[in-house]
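Novice: Listed below, chain by chain, are the residues.
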Amino acid sequence: MSTPFYVSPQQAMADRAEYARKGIARGRSLVVLQFADGIVFVGENPSRALHKFSEIYDRIGFAAAGKYNEYENLRIGGVRYADLRGYTYDRDDVTARGLANVYAQTLGTIFSSAAEKPYEVELVVAEVGETPEGDQIYRLPHDGSIVDEHGSVAVGGNAETISTYLDQRHEDGMSLAEALKLAVQALSRDTNGSEREIPAERLEVAVLDRTRPQARKFKRIVGRQLGRLLEEGGASTAAEAEDPEDEE
Amino acid sequence: MEANTRSTGRLPAAFLTPGSSSFMDFLSDHQPEMLPGKRQLPPTQGVIEAPHGTTIVAVTFAGGVVLAGDRRATMGNVIAQRDIEKVFPADEYSAVGIAGTAGLAVEMVKLFQLELEHFEKVEGTTLSLEGKANRLSTMIRSNLGMAMQGLAVVPLFAGFDVDRDKGRIFSYDVTGGRSEEHGFAATGSGSLFARGAMKKLFHKDLTEEQATTLVVQALYDAADDDSATGGPDVARRIYPIVTVITEDGFRRLTDQESSEIAGAIIERRLEQPDGPRAALL
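Taken in sequence, the protein lines are chains A and B. Note that our numbering has the first sequence beginning at 2, numbered continuously upward. Note that our numbering has the second sequence beginning at -18, numbered continuously upward.
So that you can see chain B by itself, here it is in the shape it has in the complex:
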């Protein structure tokens, strides 16, 4: 267990063994039961009921990338939580948004954040954006056993690549398969509708402001057609979480800022409920 509960109190050998800069490698050596993927699942009948997070969207713009998520978690046909947070900073230049089993996803994010921070402290330098994306891939793959029992976690990873000076998006499947998305991407139950909306609204020269509006539009459309995705909740003042990553690092829009974006969209949709129209030709 904890280092200082050992009889002599000194750091156990695993702590002082040089070699790995990975916290997960260290854990799998020292305390494998702490790793989510190393747990034994009891045999179960049917699907395990647990809260599921729903839609996450991401869009690149000139100078960075925007990652946003709605606030709903569902369990079957019940709304499990109205104000869940599904977008997290992974480190200073990247963020991860999660769809799938909320409990496992939040644990995965916590471990992922720690993995990146641990590497940075041990090595004195940060992982490349590709390296971070690959690390997340490994973590999803280790969850495959759970995924096959219906407890899948499918994140979306976005970050600013300081070497290439641009925002990048990576999407995943349940088996840990990773692919880089160009322009925009979505994951979760409402992703089909969100992707459709983004396809019509996206262009290469978006500004940061347009990109943040675009993601909220896409989430609005997802909530419009998918019962598991929550739209802006004006009565309770619960708005989508919108985060922006540029060369200045990670920033989450304040509630005030995202309520203004959502407010403007709702205003326009009172006249045009299906949202902005794209040109026919």
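Bound conformation, chain A alone:
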């Protein structure tokens, strides 16, 4: 018969948070940025089939870092939630705020329930508005909190360094090529300050483009279009990354 040791609630929560953070940090980072015509998602992802970004609804996109099976589950839950809501009421009644709330409640309940292991995921839910002022980006850490972000956000392993880099350089009204260039520069920074090159075929890029005539604004950018945009932005990463003033 073993006697359970007393663990203070503070310690128990700290341990769970530590566990979740370590899991998330093992994954590659990804960034979400506002640009003039919408919101762009950029991440390093060697897989063509297992996406980090996806469409939830007409104007709502989803990005996740961490454990694949866990965020995939949440993603499908989100699609079901959005589709059911749109079917019950109207397509306009599906909002990123509502979805972010449901995700926060779900993650929060799982995080504080001793019977379940905390999810090792960090999510971003973004909604593109009619104008840049209407854009919304929510970051959802593993513990069920919600952070309302503006301009740019990074999640995943190296998020802190990347966020700082982005905060200093992101401007409103950037073109897609400029935003993409900045995102790639930010992603190629390692924790120790060194840089590495990320080839185009390892990038996963998607946009919520408010100028798209269709109701569904989410679109993946792949192949030639991605190559062209990277060229336009002159984003050959490392060489130019040192100089933020560099204009193309």
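No lab work stands behind these hints: they were computed from the structure. It is possible that part of the hints are untrue.
Calculated pairs, DSSO-like style, for lysine-lysine (alpha carbon to alpha carbon, straight line, at most 27 Å) [said to hold, decoys possible]:
#1 147(B) with 185(B)
#2 220(A) with 19(B)
#3 185(B) with 220(A)
#4 180(B) with 147(B)
#5 118(A) with 23(A)
#6 91(B) with 19(B)
Starting from the known structure of chain A, arrange chain B on it as the hints suggest.
Specialist: The following block gives chain B in isolation, referenced to the frame of chain A:
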């Protein structure tokens, strides 16, 4: 009910259960009362009076398919609506036109569109055209109870098959029976007359422009002989809905475009009221 009205606010287990990519499967698990086929009908005497949609026609041409419908809904001998829309995009490469009980049909289309979109979002890829056609079959079958009380829905499904690079048409019966039609097809009360017209006008090498004219001719003939089908309404500027699906996707002709087609046909019919003549031999 809605996810966030639960006490904890977290997504209920059904939302996070992996497995199905079908929205209908999810609904029948989570909220079966939302599905049209799962509703209990009270016993009724006789036929329920509700607006009925009438004629839908479809024609394939080199490079795609055209799906069109008239604008009339009838309830018994009354015209219930003059400008009803009965042709809808199902997704980027397919469309569905509905004949039968309008209220149920519109709900069926809404669910069908969502079913295709849901699959696409969950799986990251679209269903094959056959898969979409089969899905619609299942939905019609689930309406069989209503159909037996006179509330039938009989759609026509048309789409561009990106794998085979051609337009295809599927027709249905009330029991969900599905058959692929080659060349042209029609459904609804005026379909007999429309089919007769198309039979004489159709040939394999139609261009897109000829195909759109052909469907409006067929609808004109249907309206000519069937009281439940509406012809082009020049006074109110209500014209048939004509949609074209090619490898570039779904496109609905603007009111201007369909009024021009209808205008040209009316012009010719002033001289020849029965429409174009086919060769006798």
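Novice: A separate judgement is required for each hint: does it hold in the structure or not?
Specialist: Evaluated hints:
| no. | hint | in the structure |
| --- | --- | --- |
| 1 | 147(B) with 185(B) | 12 Å, holds |
| 2 | 220(A) with 19(B) | 35 Å, violated |
| 3 | 185(B) with 220(A) | 36 Å, violated |
| 4 | 180(B) with 147(B) | 20 Å, holds |
| 5 | 118(A) with 23(A) | 13 Å, holds |
| 6 | 91(B) with 19(B) | 16 Å, holds |
Hints 2 and 3 from the list above are not met by this structure, while the remaining hints are.
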